[in-house]
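Number of protein chains: 2
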Amino acid sequence: MCQPPCHFVSNEICMMMSVPRWMLLICSLVVVVTYSSQESLQRYLANRQAVVQKESSHRTGGSLKLNSKELRVNQYLMTVKAKEYAAALQGAPFPPAQHFFKSKNLIEKSEVFQLIQLLPKGAALHLHDISITSLNWVIKNATYKADLYFCVSTDAAGSLQFEFFSVPPTVKESSCAVLWQSVSLARNKQGAAVFDEWLFNKMSMWTDDDPKKVYPNSTAAWQKFESSLGPVYDLVRNIGVFEPYLWQAMTEFIQDNVQYMEIRGLLPPLKTSNGTQLSRNYTMQKYATIFDKFVSAYPGNFSGAKYIFSSKRHVAEEIVKSDVSLALSLRDTYPDHFAGYDLVGREDAGYPLIHFIQELLLPSQLNRSLPYFFHAGETDWEGTSIDENLIDALLLNTSRIGHGYAITKHPVAMAMALSQDTAIEVNPISNQVLGLVDDLRNHPAATLISQGFPVVISSDDPATWNAGQLSYDFYQAFMGLAGEQADLATLKQLAQDSIRYSAMSNSEKKAAMQLWQKKWDSFLDEILSSIK
Amino acid sequence: MCQPPCHFVSNEICMMMSVPRWMLLICSLVVVVTYSSQESLQRYLANRQAVVQKESSHRTGGSLKLNSKELRVNQYLMTVKAKEYAAALQGAPFPPAQHFFKSKNLIEKSEVFQLIQLLPKGAALHLHDISITSLNWVIKNATYKADLYFCVSTDAAGSLQFEFFSVPPTVKESSCAVLWQSVSLARNKQGAAVFDEWLFNKMSMWTDDDPKKVYPNSTAAWQKFESSLGPVYDLVRNIGVFEPYLWQAMTEFIQDNVQYMEIRGLLPPLKTSNGTQLSRNYTMQKYATIFDKFVSAYPGNFSGAKYIFSSKRHVAEEIVKSDVSLALSLRDTYPDHFAGYDLVGREDAGYPLIHFIQELLLPSQLNRSLPYFFHAGETDWEGTSIDENLIDALLLNTSRIGHGYAITKHPVAMAMALSQDTAIEVNPISNQVLGLVDDLRNHPAATLISQGFPVVISSDDPATWNAGQLSYDFYQAFMGLAGEQADLATLKQLAQDSIRYSAMSNSEKKAAMQLWQKKWDSFLDEILSSIK
Chain A
1 MCQPPCHFVS NEICMMMSVP RWMLLICSLV VVVTYSSQES LQRYLANRQA
51 VVQKESSHRT GGSLKLNSKE LRVNQYLMTV KAKEYAAALQ GAPFPPAQHF
101 FKSKNLIEKS EVFQLIQLLP KGAALHLHDI SITSLNWVIK NATYKADLYF
151 CVSTDAAGSL QFEFFSVPPT VKESSCAVLW QSVSLARNKQ GAAVFDEWLF
201 NKMSMWTDDD PKKVYPNSTA AWQKFESSLG PVYDLVRNIG VFEPYLWQAM
251 TEFIQDNVQY MEIRGLLPPL KTSNGTQLSR NYTMQKYATI FDKFVSAYPG
301 NFSGAKYIFS SKRHVAEEIV KSDVSLALSL RDTYPDHFAG YDLVGREDAG
351 YPLIHFIQEL LLPSQLNRSL PYFFHAGETD WEGTSIDENL IDALLLNTSR
401 IGHGYAITKH PVAMAMALSQ DTAIEVNPIS NQVLGLVDDL RNHPAATLIS
451 QGFPVVISSD DPATWNAGQL SYDFYQAFMG LAGEQADLAT LKQLAQDSIR
501 YSAMSNSEKK AAMQLWQKKW DSFLDEILSS IK
Chain B
1 MCQPPCHFVS NEICMMMSVP RWMLLICSLV VVVTYSSQES LQRYLANRQA
51 VVQKESSHRT GGSLKLNSKE LRVNQYLMTV KAKEYAAALQ GAPFPPAQHF
101 FKSKNLIEKS EVFQLIQLLP KGAALHLHDI SITSLNWVIK NATYKADLYF
151 CVSTDAAGSL QFEFFSVPPT VKESSCAVLW QSVSLARNKQ GAAVFDEWLF
201 NKMSMWTDDD PKKVYPNSTA AWQKFESSLG PVYDLVRNIG VFEPYLWQAM
251 TEFIQDNVQY MEIRGLLPPL KTSNGTQLSR NYTMQKYATI FDKFVSAYPG
301 NFSGAKYIFS SKRHVAEEIV KSDVSLALSL RDTYPDHFAG YDLVGREDAG
351 YPLIHFIQEL LLPSQLNRSL PYFFHAGETD WEGTSIDENL IDALLLNTSR
401 IGHGYAITKH PVAMAMALSQ DTAIEVNPIS NQVLGLVDDL RNHPAATLIS
451 QGFPVVISSD DPATWNAGQL SYDFYQAFMG LAGEQADLAT LKQLAQDSIR
501 YSAMSNSEKK AAMQLWQKKW DSFLDEILSS IK
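Sequence lines, in order, name chains A and B. Per the UniProt record's numbering, the very first residue in the first sequence carries number 1; after that it's consecutive. Per the UniProt record's numbering, the very first residue in the second sequence carries number 1; after that it's consecutive.
There's no promise every hint is true.
[Stated by the list, open to error] Taking lysine-lysine and the DSS-like style, the derived pairs with C-alpha atoms no more than 25 Å apart in a straight line are:
1) A:K212 - B:K224
2) B:K189 - B:K213
3) A:K145 - A:K293
4) A:K213 - B:K202
5) B:K213 - A:K213
6) B:K102 - A:K104
Treat the hints as calculated values from the structure; they're not laboratory data.
Excised from the complex, chain A in its bound form:
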């Protein structure tokens, strides 16, 4: 509690939660007395310096001490960052303030971005399985496979559907507006360039038009988002596509200097070439095998990956119940690869967590442990049942919070997250593209980072909005969320926190942190030699 004299530089305990209103008055009187006395300029400047330093020490990374190599890299980083800020203050477009579809080219020209690409970013902890491999690869590989058919759906978005058939059905599928058509025939007829561009437009949210016109609100953005994911889901379920797709995802992330991934997914039953549907247990087994195989293929380079099984949030309670049971059993079978459970899909449109409370309490009632990784508070709608998901996620002891966009409007939830050391998974570009915020400087994670609140930066569904792997989101966080003063220490802390808040075991974390340190040292040398 606040103990007068409440000189604010040395005493920050007068924080909002812990001070009743009557106490504020006492504090205020004491401060007024202090400050209406003779005050020399020097005393003022010293006080000011203390406040500025205190602010700075609170920021994510603010308590890290940089070594001499890091300080030299930091000097370079802050010089190019200052140049980009200065240009923006003079009127040049500031990428975080623009829609990503308008700013992507600008970001690529940024020297800050180029450094961030090289920076070992640690882990990407909030990713969805069907949007982690570049669409270019998906289109040029998966859709070139033999026996692939497509149709356009009857839904409002005219979504694309894919299916593999040795012999296609001769009657129209009820969800299709037309008969299944051969991809290779259609491609030959239209020309590969035209057809593949058409596929890209169906499978991506990207647009060269004004994105605010194309997606005037969150609902419109989500409609196209979900419509874009469908055809990738269809492809990835094919057993012939599944492994090369996942392999390619990890390859692309490692190339972007990400060393560990946690991937959410519905655990789709895979389909064989003759249409047989395999078990979800088998899918998990494939994930585990491929994760391990990839680690072996990149010795000393990749720390691995884990899977977070998710149900859609608009399904019936019975389905969540059986999925939770499946999750418990998979957690036993694959303790090193199966991280836990989540509910996914647009929060504004699905059931809130409280709707499934009986099912979600099941593990604790069975005295079993099932880590949760709930999406919560991915909304602008304060005070609705939707943003109360934050409270349920925390009461259910979620390991991290997916998005947590609304958390700064929930002081008690913030205190809970902090006391439980629950990190927020921040996905800046996703939040912008899906219509939560236009100018990323207004993203609530700016507040979180300024307080050193535990956050990890991730990219959600980067393939759908053509946002690479993790570097674009890291750039937006560094330039748009963390402010001009955030430096290499902030980037270092974000990278380290991504390992610290991962679902890895303590020994896995230790190994991952050692690997990260090795990569970090090489990165410092690489930058130093390039700026000589």
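Position chain B against the provided structure of chain A, taking the given hints into account.
Below, chain B without anything else, positioned relative to chain A:
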């Protein structure tokens, strides 16, 4: 400090500022133990209810107890509010999420807005003298006066200038693109409707076109904003316009159920009909006289007004020095009407407070008291010298912070404001129109209100953006910043806080609060009789 067991519902001391990282780990372990044990549904729901109630009690107004009359009005209010939220969640346009120029019509149809219009809102504490009287009145009255001339400036915006002449100059003024022209002749020539609409377009930011196209960024918005204010300034400086203009401003605010105002201004030297320029001391004397006259004209209805003298933030140190001296002397001469001092103009473009630190420390060095009411942090540019204004404002013991838009990115500044009980003057529509934020649900004051951080709602320059007096901003705060659960208690607290955080003396505040209570009781009766 956090004392385990850190059960978060009962123990919120684990707040971000006061808990070192090592302590978080202990807290987290304790909580995990608590929550992985057998947990009954009922215990869960009780815990949940406690968290939800705790959240609710933190919100501005959350600790107020409503009496039975207030509860009945609240029931009506929350019914109509829920209806408007439900429609928006179903896809109807939600006014705070749109640009005000698009949402004004929608707001006027809202039953919540209609109630807010009637609600006694207390004080408007952040207002600028030349944008507080509706432009309709200004155009239909001030510009119809004899001997008024105008010219279009040579500046990029083609700003309008006014001047009164008995005999106009025959040579072109250097700032004018053309010779001074008679307003009445031009009006006769073009027709009053056409000419007056042209005047409105020159004197207002309003546009029927897409405001995001017309004002693509903050710089474009500010250019038009400043260009719109110039001609009003020219008119108001005329001694024949000054008093009726100010009288009309107070009349309009009282009609909008505002009972007290604090008005910032440059203290322009008034001009007589023969062009003689009077002293600024005289301007202040006129303010004091008119304020008192107005209070007498509305006995038991209006608590008065005070003036906050302001310098522009791009002027030389010498000017600030002499303005501070003038402020000290006016504070002695008009203790009941002269509230204090501020610096105004676009923060992004002017000098930061630290630039004038020697001048601003003058009063304390002279052991004199000069209340400050600094604009600070009206920016999206975190970490720049601009948003450090927040720190200087607080170190200089500002009485309130104008805008403070950036404060949630400054944890130490937040703690300082809280310990000094310094309220933030929140002007939602201004911040939107001047390009800081698009969707008001992303306004940082949503975070402040959720914590019960001291805020007052004001309207800045409402005439320039055609936003009435205070009700539109109150509506935006209630619907867009405070979330769906905020109720009549939030509105009551905001109204009471506007008196509590005013520059009134304690006895004036007491009288104002009594008057407010009387108005509040009538308001409750009026609503109850209308909903019978």
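### Message
Check the hint pairing A:K212 with B:K224 against an upper bound of 25 Å on the C-alpha distance.
### Response
Holds, because 23 Å separates the two Cα atoms, which is no more than 25 Å.
### Query
Given the proposed pairing of B:K102 with A:K104, does the C-alpha separation stay at or below 25 Å?
Given pair B:K102, A:K104 is violated - Cα atoms ~29 Å apart, limit 25 Å.
### Message
Holds or violated: B:K189 and B:K213, Cα atoms, limit 25 Å.
### Response
Roughly 32 Å between the alpha carbons, so the hint for B:K189 and B:K213 is violated.
### Query
Can the restraint linking A:K145 and A:K293 be considered satisfied, given a maximum Cα separation of 25 Å?
holds (24 Å)
### Pair hint outcome, A:K213 versus B:K202 [Cα-Cα no greater than 25 Å]
Not OK: A:K213 and B:K202 at ~29 Å, beyond 25 Å, violated.
### Message
B:K213 and A:K213 were given as a pair; does the straight-line alpha-carbon distance stay at or below 25 Å?
### Response
Roughly 12 Å separates the two Cα atoms, so the pair holds.
Of the hints listed earlier, those the structure fails to meet are numbers 2, 4 and 6, in rising order.
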